[in-house]
Amino acid sequence: MKKASETVGLPPGTPVHVGKRRAERVRITVIDYDEARVEEKEVKSVEECFPFRDKPSVTWINVDGLHDLEVMEKIGTHFGLHPLVLEGIVNTEQRPKMEDFTNCIFVVLKMLYIEEENDEVAVEQVSLILGSNFVISFQEREGDVFEHIRERIRTAKGRIRKTGSDYLAYCLVDAIVDNYFLVLEKLSDKVELLEDELLPNPKPETLPAIQRLKRSLISLRRSVWPLREVVNSVERGDSALIKKATRLYLRDVYDHTIQVIDTIEALRDTVAGILDIYLSSMSNKMNEVMKVLTLVATIFIPLTFIAGIYGMNFKYMPELEWRFGYAVVWIVIGVVVVSMLFHFKRKKWL
Amino acid sequence: MKKASETVGLPPGTPVHVGKRRAERVRITVIDYDEARVEEKEVKSVEECFPFRDKPSVTWINVDGLHDLEVMEKIGTHFGLHPLVLEGIVNTEQRPKMEDFTNCIFVVLKMLYIEEENDEVAVEQVSLILGSNFVISFQEREGDVFEHIRERIRTAKGRIRKTGSDYLAYCLVDAIVDNYFLVLEKLSDKVELLEDELLPNPKPETLPAIQRLKRSLISLRRSVWPLREVVNSVERGDSALIKKATRLYLRDVYDHTIQVIDTIEALRDTVAGILDIYLSSMSNKMNEVMKVLTLVATIFIPLTFIAGIYGMNFKYMPELEWRFGYAVVWIVIGVVVVSMLFHFKRKKWL
Amino acid sequence: MKKASETVGLPPGTPVHVGKRRAERVRITVIDYDEARVEEKEVKSVEECFPFRDKPSVTWINVDGLHDLEVMEKIGTHFGLHPLVLEGIVNTEQRPKMEDFTNCIFVVLKMLYIEEENDEVAVEQVSLILGSNFVISFQEREGDVFEHIRERIRTAKGRIRKTGSDYLAYCLVDAIVDNYFLVLEKLSDKVELLEDELLPNPKPETLPAIQRLKRSLISLRRSVWPLREVVNSVERGDSALIKKATRLYLRDVYDHTIQVIDTIEALRDTVAGILDIYLSSMSNKMNEVMKVLTLVATIFIPLTFIAGIYGMNFKYMPELEWRFGYAVVWIVIGVVVVSMLFHFKRKKWL
Amino acid sequence: MKKASETVGLPPGTPVHVGKRRAERVRITVIDYDEARVEEKEVKSVEECFPFRDKPSVTWINVDGLHDLEVMEKIGTHFGLHPLVLEGIVNTEQRPKMEDFTNCIFVVLKMLYIEEENDEVAVEQVSLILGSNFVISFQEREGDVFEHIRERIRTAKGRIRKTGSDYLAYCLVDAIVDNYFLVLEKLSDKVELLEDELLPNPKPETLPAIQRLKRSLISLRRSVWPLREVVNSVERGDSALIKKATRLYLRDVYDHTIQVIDTIEALRDTVAGILDIYLSSMSNKMNEVMKVLTLVATIFIPLTFIAGIYGMNFKYMPELEWRFGYAVVWIVIGVVVVSMLFHFKRKKWL
Amino acid sequence: MKKASETVGLPPGTPVHVGKRRAERVRITVIDYDEARVEEKEVKSVEECFPFRDKPSVTWINVDGLHDLEVMEKIGTHFGLHPLVLEGIVNTEQRPKMEDFTNCIFVVLKMLYIEEENDEVAVEQVSLILGSNFVISFQEREGDVFEHIRERIRTAKGRIRKTGSDYLAYCLVDAIVDNYFLVLEKLSDKVELLEDELLPNPKPETLPAIQRLKRSLISLRRSVWPLREVVNSVERGDSALIKKATRLYLRDVYDHTIQVIDTIEALRDTVAGILDIYLSSMSNKMNEVMKVLTLVATIFIPLTFIAGIYGMNFKYMPELEWRFGYAVVWIVIGVVVVSMLFHFKRKKWL
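Chain order of the listed sequences is R, F, L, Y and B.
Residues in the first sequence are numbered from 7 upward in steps of one, following my numbering.
Residues in the second sequence are numbered from 7 upward in steps of one, following my numbering.
Residues in the third sequence are numbered from 7 upward in steps of one, following my numbering.
Residues in the fourth sequence are numbered from 7 upward in steps of one, following my numbering.
Residues in the fifth sequence are numbered from 7 upward in steps of one, following my numbering.
The set of hints was computed from the structure by calculation and includes no laboratory data.
Since we're looking at a predicted model, the values are computed, not measured.
Treat the hints with care, as some may be off.
Said to hold, decoys possible - List of simulated lysine-lysine pairs, DSSO-like, C-alpha gap at most 30 Å: (1) R/Lys249 / R/Lys168; (2) Y/Lys249 / L/Lys250; (3) B/Lys47 / B/Lys26; (4) Y/Lys249 / Y/Lys61; (5) L/Lys250 / L/Lys61; (6) L/Lys196 / L/Lys61; (7) B/Lys297 / F/Lys209; (8) B/Lys297 / R/Lys351; (9) B/Lys250 / R/Lys249; (10) F/Lys168 / L/Lys80; (11) B/Lys353 / R/Lys196; (12) R/Lys250 / B/Lys250; (13) B/Lys168 / B/Lys47; (14) Y/Lys291 / B/Lys297; (15) Y/Lys26 / L/Lys163.
Unchecked claim - Calculated Cβ distances over 10 Å to all of chain B for the following chain Y residues: (16) Leu16; (17) Arg28; (18) Glu46; (19) Glu48; (20) Glu121; (21) Gly137; (22) Gly164; (23) Asn207; (24) Lys321; (25) Phe348.
Glycine residues also receive a C-beta, built at the ideal position from the N, C-alpha and C atoms.
Isolated chain R (complex conformation):
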């Protein structure tokens, strides 16, 4: 895994792959469509997708795997991307952002997964380049949330085949935001599970689980929060690349983003509440232990004292000679116990 620090000292605009290498090889697929036809193929070499740039039809080039800088630079040169855009695509530790270069719009997003093996939220960076008649998407590895969109293009379902590249770009962003709802639902289920198993029987092991959940939510928040600003500035921006009809849809994505943030905040509140209940339960449990045990001790300590008195070996202890001395001691003990219990009961300590 490469760290951001490895880029230190390089000239600005030098693309360096930062982050885990998640794909074996770079895989490039092209979908080219207009209202009449669709063409879909996986290209062997990057040069194969260059001719599409000058066709009037909408072209979606998807690149899985960011580590091959040579391929990146070829794309950059051919499609006229600024060096900083290339640097941004391959540095996977960026925050979501949007940059308007008159000839294209550059958007960085975060795609989220719940990893099956360890139940944590994994983050994958997705970059989009929106040109007048093409969209280029860059992903860290194969497998994405865009399969529905490909299917819609193939089957001409919805409006996608009748509209331009800006609507395609919107669909990609929308798919990523929609996916957040899936992730949030899974996290929400985990919160509920925690609540159901915690409230009846709190254990010390629950604390790390709560903290893990809290951290997942914070990392989620960090991915989603700047997205709000990104979608807003695309919608409000004056770029000629975004048509008016598409802006309405972007407004809708914006509302979804706000809703995601709302849900995250609500989950955070719930987790904070769980934490409070957990801490309070632990302390109640401890208090209960201490109370019962101390009660036992308190009752028996005075009794032991009484027994100790008549265990003394003084020569002249009249009680020891009495016929019913022993019985009297038991009676005294009984009285002490009963009056103590009565006192505790009245004070509601029992």
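Given chain R's structure and the hints, the job is docking chains F, L, Y and B onto it.
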């Protein structure tokens, strides 16, 4: 119950009913009125209410039940609603929002109830479409807070019959916001009850009750907070659909919304205060138990030691032979007890 | 006492008295003045004050008691008040606000008192209507903070007789804000008292006192905070009813409001600090009890063990036969006690 | 000491001295200078400084002591000050503010001292009136932070003699802000001292010291925070009284103010950290006491039980007759102690 | 080390070196370049670098060591710097800021290091003067993060030799911001280390380590937070000194700054989480000790009472005479122990 995640992968603008299905069947009622006359009827099929669109009189179409997408789409087509509006109406997990489509204004609101059975705050989504001479309202189920308004239309009470569709829409929003005061009063009563039963005698069961109340208030806040922005943008907006006279009334609704938020915040402060008192009371109670019990133990432990000394079996223990040894021991014990009690008293530990 | 919920379902602009009824009967006084003369009288029926509307002199109509809706509506009709203004005057649970109707300005304020009987902050709503040559003030009951102003009008002290109705309205607002300083000083005294009696000797009863104070400050804050916005929007507003010279004075009131808010925040900080010290003192006191008592227990438990050993009845226990066995035990006990005390001392537990 | 409440009921613009009377008598000094000459004198009566108003040279009138309202009113009348300005000067409980009256600028500031006797932060109000060719400064008592400036005027050091009254006013503000650094350094030293004596050996007495420091910082913050806005609005304002060259310097003062605020926030963070460490240390110390003492008790209680068993007086107790019974008991005791210590060691409780 | 307070009383614009003196002597190096050639030299006296001002090529003058005010003033005079700029350069306790003097832009930044010896974050102030064809950088001591840039100039790598002084200034800022990532990675490693060694085995020594880390992050935040504003105002500013192409790069630095702030906030959250876990672990550990020990005590105290009873010396105690009295006692003891253990087990206290 359908979740937001079920909409993932569908083309944007596809209406999918998200949320619980709360109504058996879709029920459509129409009220058509002008200053002179009122017509009110329940329609069997959705097509029956289409002719009203082109009448000059004000028409209020109310739809209870959102699950029948066919009906929805017919309404959408006839009244020229954007696909995203339809999607928004049937997705009941949205936050309150307002969207201005030049020919109509689309508003999403939350209607709140205190559910009788479990005393929790239930949320129902209400969507309003305001056109130049009609208002369409969509609710999740029958039963609403609009009965007063229907009565006023029938009896021509107030100004409602003399004004246009914008005033009707205002009345609907106003009724929803007014209803919040009812909900808040019930919550406020619960807070007071909690305060009255908590302060004299705190129990561990009170904590979950406090947390439930806290959560109700947070969910309330989430429903009301965005409403402020919604009402404000309708009032400040430049839509030709809202007449100037109506804006004054919207300003009033805005003030009510702020007041609702204020009251929620005040209740949250109060609940936070109750929580503090609860935690402090629990800890005081525990401290009191520990203190009294430990005092008892402390007094008797040294005494037991004294008794233990004269329980030893040494051959040469002069005290044991003394005539008044036993009496002296009792005197010593008395002195120890009295001086300890005196010391504790002076230190205010008793 | 009537609640806000009783207005639910009524047509907007229907005046309903919300809040406690604090006055027996409605009492209306009129002061009419210009530079040359003053006329002051209490009117029997509301119609008596109507002629003043059309006089060029400045008229101040003061209404004590809001429950008589008939009187209210007469005033509203004669002075051309919007129905929402009337509704706002009689609903005493509003937050401070300012509404500019071109022909008049409507201001809602909160007058604060410290109630003698229970030392709590009481809130009374005061509404002002500022017209071109009149001011109407509405109060919940007789008795107010305006007596000084009446005196100044009668004696022509200050500039009040030479200026218009806007200056009179300013004076009323100023009197209300000035009165906040009195309330704050009383609260401040209570905080100091709490501090002086708390720090030397914390008791469990102090917690509710602190909480009560905290709540007073929160309620105060809620009354004063929106006032800031109110005064600011009157001063910054472009209403022709407020002359430029008066705006300077309003600026001054604005500064006072900020100062009141500052003082409230400072008091809240102080109360929070007192709470921290209280909690810490309570816990220190408990710790001290526990420590001393446990020390006592710890010293005597090993000693009791030693005594227990030589209380055993084994046939063959050589020490029991020794001449100085008993003395040796006492020496051992002494050594144990001294070394323990020494150890505790070194560890600073004593 | 007079309180703000004493001004209640007076006509607006009535000057009333609020705050402690800190000076015996009002002392007025005048410095009049241009590039060529300086004239400095203490005037007996306030009228002596009036002629300077109409001279083209820059005049600095300094007034120490605010209680003589007659003097104040004479100055006000002669220099054309608004009644509210006079009221503001003598009310020493104001927050820092700036008011632009076209013919002059009125600025209220707070001068801070660390009082030698009780180590607390004392606040003195300083008001400045900046006119086209004069500056009037009002202070509560003699002794200030302006001596350096007087010296610079006398010796013509720096640019002060070549510039106008706005630069002089800037110098005064700058001197006050610079002085904050001195106060902050002293507070910073106290924080460090607290840190050095607290960490090795926390005592209950440290808590009030921390709270006092916290309160000093809060009061400091309250004096400095509004200053930021004041300096900014003077710099950004469009008053003709401030020349462009001076604005650059005001920008510098603004930066200093921000830096002061930053330092205060940093100190507050540090104090909060100290408080956390203190509370944690106190609790650790208590825990340590409890732990060691409870360990002792736990070891000896079972041992005492064993001894108690063989102290019983049953006729038929075979062990008592054994030759080595006593020795066996000691061995058992040894085994119990060692195994307990081993167990505690393994659990890291020792 | 000189403190800010030493500048008190000096005329504004008097340069005074504030902060530690970190360099032995002032060292000045000059790099002068255009597309065709590079000239690099260390100058003996400051006058040697003056001729470069009027050359068309780009000149970078780097000054290490700020204590020699004479050198500073010579540079100031020759390059036409405002006195406040000079004062700002030598006062090393400033916050990052940017000042636009039409002929030059003055930027103050903080360069951060992790000090090897004590693992703390050290802050060094770097000031930049950007003129039309020169950049002057001032550092507190030799050794910086600019070596890569010098190398790029020498080898004409990247675009640096083809661009103007604004691009050079950008490169310097970029290098400083890039270096923050290095510092953050080291801090991040320390946080992880803390997490790995803390969770399995919390010790009281961990608290100061956590607090130190917290403080490092706060100090970092204070250095980076204002930088955001600085970079933004340079980028958004309308200075003719910054070319449009360079603004794009500045936008990139801005994004990096936001990312640094994000990472700092994330680390702060993590440290706060560690603190919570630490406190909870400490309290759990203590609770566990208390619980086990108290359980032991509770079991043995009643048993000791039983033994005490039969250690009494009453003449008439029938049980003592019984043949199996002693055995019965052991059976009773066994029953008590087993039933207690069973009870504790059922209550989950074991």
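Evaluated hints:
no. : hint                : in the structure
1   : R/Lys249 / R/Lys168 : holds, 13 Å
2   : Y/Lys249 / L/Lys250 : holds, 27 Å
3   : B/Lys47 / B/Lys26   : holds, 27 Å
4   : Y/Lys249 / Y/Lys61  : holds, 19 Å
5   : L/Lys250 / L/Lys61  : holds, 23 Å
6   : L/Lys196 / L/Lys61  : violated, 49 Å
7   : B/Lys297 / F/Lys209 : holds, 23 Å
8   : B/Lys297 / R/Lys351 : holds, 24 Å
9   : B/Lys250 / R/Lys249 : holds, 27 Å
10  : F/Lys168 / L/Lys80  : holds, 23 Å
11  : B/Lys353 / R/Lys196 : holds, 28 Å
12  : R/Lys250 / B/Lys250 : holds, 29 Å
13  : B/Lys168 / B/Lys47  : holds, 21 Å
14  : Y/Lys291 / B/Lys297 : holds, 19 Å
15  : Y/Lys26 / L/Lys163  : holds, 28 Å
16  : Leu16               : holds, 40 Å
17  : Arg28               : holds, 23 Å
18  : Glu46               : holds, 18 Å
19  : Glu48               : holds, 22 Å
20  : Glu121              : holds, 18 Å
21  : Gly137              : holds, 21 Å
22  : Gly164              : violated, 3 Å
23  : Asn207              : holds, 14 Å
24  : Lys321              : violated, 6 Å
25  : Phe348              : holds, 14 Å
Violated hints for the displayed structure, listed by number in ascending order: 6, 22 and 24.
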